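For this one, chain A is given, so just place chain B on it according to the hints.
There are 2 protein chains.
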Amino acid sequence: MRVERIRRVLENLERMGLEQMVVTDAVSILYLTDIWVDAGERLVALYLNRSGKHCLFVNHMFTLPQDPGIEVVRFSDTDPYIGMLGARVDSGKVLGVDKNMPSRFLLPLMDQGSGAGFVNGSLAVDEARGIKDQAEQEAMGRVSAINDQAMEQFRGLLKEGVTERQVAGQMKEIYQSLGADDLSFPPSVCFGANGAVGHYRCGDVALKPGDCVLMDVGCRKDHYCADMTRTFFFGKVEKEEHRRVYELVLAANRAAEAMIRPGVRFCDIDRAARSIIEEAGYGSCFTHRLGHFIGMEVHDYGDVSSANQACAQAGQIFSIEPGIYLEGEMGVRIEDLVLVTEDGCRLLNSYSKELEIL
Amino acid sequence: MRVERIRRVLENLERMGLEQMVVTDAVSILYLTDIWVDAGERLVALYLNRSGKHCLFVNHMFTLPQDPGIEVVRFSDTDPYIGMLGARVDSGKVLGVDKNMPSRFLLPLMDQGSGAGFVNGSLAVDEARGIKDQAEQEAMGRVSAINDQAMEQFRGLLKEGVTERQVAGQMKEIYQSLGADDLSFPPSVCFGANGAVGHYRCGDVALKPGDCVLMDVGCRKDHYCADMTRTFFFGKVEKEEHRRVYELVLAANRAAEAMIRPGVRFCDIDRAARSIIEEAGYGSCFTHRLGHFIGMEVHDYGDVSSANQACAQAGQIFSIEPGIYLEGEMGVRIEDLVLVTEDGCRLLNSYSKELEIL
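Here the protein sequences line up with chains A and B, keeping their order.
So that you can map any letter, position 60 of the first sequence is 65 in my numbering, and since no number is skipped, the others follow by simple counting.
So that you can map any letter, position 53 of the second sequence is 58 in my numbering, and since no number is skipped, the others follow by simple counting.
Looking at chain A on its own, in the form it has when it is part of the complex (with noise of 0.2 angstroms):
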């Protein structure tokens, strides 16, 4: 069990006006007993009360380690577990329950009445896993220094003729040469117009001298993920406005990097890349939001958008990415990820961003 950890996440109840949740993401499990249970379509749940009287629901089937530090209730898959679960929870008091609890869990739970109430308790979760603590700092900035260094690799493997499949299906072992678990997600290398295609992958595509080349990648190591964008040309820079283009991309980044520090919300984050971008006339080509959380999960909770009017906090991480978008023809996003210190930022990426002609 991870007592600081829980003690902050049972802070935010209190706070939320809750005196109980329960937690079925294996990530956020993990965050807060280190036991990873990846039970699939079954379900594993951390029940969590302020009394202190916390509970780990597994099944059976998976191990656990010698001394899980916490009391562990175990069913099997012919167990009434819906209701095993409801016998802990304080039936006369709201439950909170985990954003990701799927509807089979959930409408049973509340079909049994365990529970005055139900509400979406994740965000008590998500704020204590959005600012990181030392031990995870560290980790997200060791996994972003392989990052770097497989950036210089993937770079190496950009030749004439190659394909996006080509470059993209050695990432994984340049990755675990590294010191790196996996992937953290499919890596994207967009050649030329497949740059403008949202969440492409890759292709069969061969590269050419003019193209753009966009790679969006990312491992994970100790569980905390990496994440970055950095995009190339390929022989020659085909056109002036390809040029233009990237260097307002670099300045939004460079722009909105340069305002982070803790109190600064962050929908004045994204508008200060989106401003620059906008005022060249092409705000329409910027189509995402300008960043998001990350740590255990590439996507953790949180956002940098014109949406959110939080302010930034020391510890939390998230990327910076703005883009531009010629569809048909190019596009080009410069990712770093950032860690909010007490009087500004950090970046955890240091791969260099300026203009480069491979």
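Derived from the structure by calculation, the hints contain no laboratory data.
Each hint should be verified, as a subset may be incorrect.
Copies of the same chain are indistinguishable here, so a pair counts whether it falls within one copy or spans any two.
What the hints assert, rightly or not - Using 35 angstroms as the maximum straight-line C-alpha spacing, the simulated DSBU-like pairs for lysine-lysine come out as follows:
hint	residue 1	residue 2
1	Lys-177	Lys-358
2	Lys-213	Lys-177
3	Lys-358	Lys-241
4	Lys-164	Lys-177
5	Lys-213	Lys-358
6	Lys-213	Lys-241
These figures come from a predicted structure and were not determined experimentally.
Below, chain B without anything else, positioned relative to chain A:
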């Protein structure tokens, strides 16, 4: 839109007394529309109504085919998309919701009163998905044939001193060289005592004579999943008991497969295998259900277990995977995929199951 598949879902909804349903599972949406949207934490929803006024809700950021073949409602992160979804729902009638619908979408849908009640409606989709049509049966046959070929190559990797991780690490590439798209799940390669550890994947243990080698592996092709387990002896059979255990598991596997035909209860199939193992005194060493349904997901809805009193139907595909696990010593599991035919069943795997000493 897959008209015939949707027709079957609507028929199932009618039998369940439901007029309407919201499907949020990306795989089920792919099954019903041929459209794949990997929306991550964002909402993607297929609203089905027996009147035929179906509608797909997709965030602007995801690319759709030119002609999606269904009415599409687009929204952005800052739109009130739960409200937009609710506006389509007939609030005077009960709404079936996807079993996987996360509480962060379900609770606000309930709070805004989008439905006279809310029930898990997934059985309507799951039962349709449980009976594979011709195209699906062929896809499952193709991917299982690749798994057979791959097993032969995996077997060739088993040399003294090789580690589980080294063997597992080569599997994805072997699968892809045989035409598969990807792994269908992280492979399990278990040497010796690791074969008895539930849900073990692989580690740095080196292969030595006398080890049992349990490999539970599968690939994915054209959205369909293979899954097969074979257990080999390396160098020698260490103890006579190990041979007996192998033969028992094989007998259990064959006994179950021999009785599969439409109309046979799943609990009776489970019983046929389990009783052979129990009667030999190893009942407590067979710690899981006999099998699971499989298709677009490795674990589709439905299983072959003592709790399932339903009867097999033609077109269903599931695994038959009895096992005996001797803790601290070894484990044997033999798993095939089986297609129920009009008058019996057909094994999708043809890789030999005879005891083999490598």
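Evaluation of the provided hints:
Taking identical chains as interchangeable, the C-alpha atoms of Lys-177 and Lys-358 lie at most 35 angstroms apart whether they share a chain (23 angstroms) or sit on different chains (33 angstroms). When the C-alpha separation of Lys-213 and Lys-177 is checked against a cutoff of 35 angstroms, the pair qualifies both within a copy, at 24 angstroms, and between copies, at 29 angstroms. In this assembly of identical chains, Lys-358 and Lys-241 lie within 35 angstroms of each other by CA distance solely inside one copy; the values are 17 angstroms within and 58 angstroms between copies. Taking the shortest alpha-carbon separations for Lys-164 and Lys-177, both the intra-copy value of 19 angstroms and the inter-copy value of 25 angstroms come in at or below 35 angstroms.
Only within a single protomer do Lys-213 and Lys-358 lie at most 35 angstroms apart by alpha-carbon distance; the minimum there is 22 angstroms, versus 50 angstroms between protomers. In this homomeric assembly, Lys-213 and Lys-241 come within 35 angstroms of each other (Cα to Cα) only inside a single copy, at 10 angstroms, whereas the closest approach across copies is 55 angstroms.
In summary, the structure agrees with every hint in the numbered list given earlier.
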